[in-house]
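Chains as they are written, first to last, in this note's numbering: chain E, 95 to 458; chain H, 265 to 325.
One or more hints might be untrue.
Derived contacts from chain H toward chain E, CB cut-off under 10 Å, selection only [claimed, not checked]:
hint : residue
1    : ARG277
2    : SER278
3    : VAL286
4    : MET291
5    : ALA295
6    : VAL300
7    : GLY308
The set of hints was computed from the structure by calculation and includes no laboratory data. As the structure is a computational prediction, the values presented were derived from the model and not from experiment. Virtual Cβ for every residue (Gly too), placed ideally from N, Cα, C.
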Amino acid sequence: MYFPIADVTVSPLLLALLGIVVGTMTGFFGVGGGFLITGGLLVLGVPTIYAVGTGLLMVMGTAITSTLRHRRLGNVDLRLAVLIVCGTIPGVFLGERVNSALEEAGISGPVVGAVYFVLLLSLGSLMVANWLRRLRYRPVRRDLGVLPRWFQGIRLGPSQLVIPGVRTVNLRPAFPNAGIAEMSAFVPMLTGLLIGFIAALLGAGGGFLLMPFLVYGLGIPPAVAIGTDLFQIIVTGTLGAFLYSLGGNVDPIIAIIMFAAASVGTQIGALATRFVNSQRILGLFGLTVLNAGIAVGIGQLARLVGSDSLALIGQLLLLGVSGLVALTIVALLVIAAVAQIRRGQRLARLREIRSAGRVAAGGD
Amino acid sequence: MPAVFSEILLDLRSYAVLWAVVVIAAMAVTAVALYVFWDLVGRGISLVARMLNAGQPRRRH
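Next comes chain E alone, as it looks inside the complex (with noise of 0.2 Å):
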């Protein structure tokens, strides 16, 4: 099928196939996929412009979808979300100027090829090493660990804000959804400030680097960081698009047939957290990152060797490993929804056992 706007010609069902593994990450991992969507369409000849800005517009509508599912299931801490949010918005422009005086400089490709290899890979690694950590020796902890006691400890800035005549607002507040009985707002800011500066300078959502701090750093349950982590995903995703669009780099159809695609995907990796264990999902995360980590060290070692075919080794094992995980996924989900299957069978047989136990009794 040839797609205008990009000037390309792409197998609509490879488009969907994308989308269906894109979708199934972004449900599961609460990450807007974007590292994968412009890694696979580059596979498919997309021209690397229209890649990322296409890549940007789906995540954005990804990220609304999923978001909404998370919310449906209680998955997500609005309140968290919003303050986020707040620092992001300015973050991203932050993190848009920064990238701008880089490509001024003409340095802004190997620098941020660097950050994206040095963070991917020391965070897949340290969430990997982790899981397999708590794989050997099961610790059961009760308390909070050392960083979220630390983070939801900061004192910063005044605890509230007098607004004359209106209300006094409370700038220590409880996040519910998110077990934290009481922090300062000004922690989810600066930490939304720093990942939409992150976030705009790798052209990326940021839930990659988001998700796992909610996690290790505010000691957040991974489903409820998975859904707060969409809504941010949200706002960079439509941001990132907007300023795409505004070049004429974004091709709507390829995003809209990729998600649609993904909306099957999305459904599947969202039901399945209610399903598998949350060390489960941060394992396979962690291989997830650190997949993405090592193929985006091929990628900067093709570009210094000058070898298209090593890039494309680079892609391949991204999209590879990714539709693996993403499979894993759906093994885990039908093997949680047999358990549960067998399960109510079991104790309908035992209410029937009982239950006939009782009529024999009554009949003596």
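Please arrange chain H on chain E, whose structure you already have, making use of the hints.
Positioned in the frame of chain E, the structure of chain H alone reads:
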């Protein structure tokens, strides 16, 4: 894709701000429409499951 539709899209792209607004609005509307669609599908499945279970004895708690 029909040629007329392609021409409309290419013409619209020359109006930068309008194009950006249309693109963002189209994606937002599609996102909400798809959410509503899947929500209705979910409700339909729940309704069918409830109807199928209607004949079975109720659980005791």
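To test your reading of the hints: which numbers does this structure violate? 7
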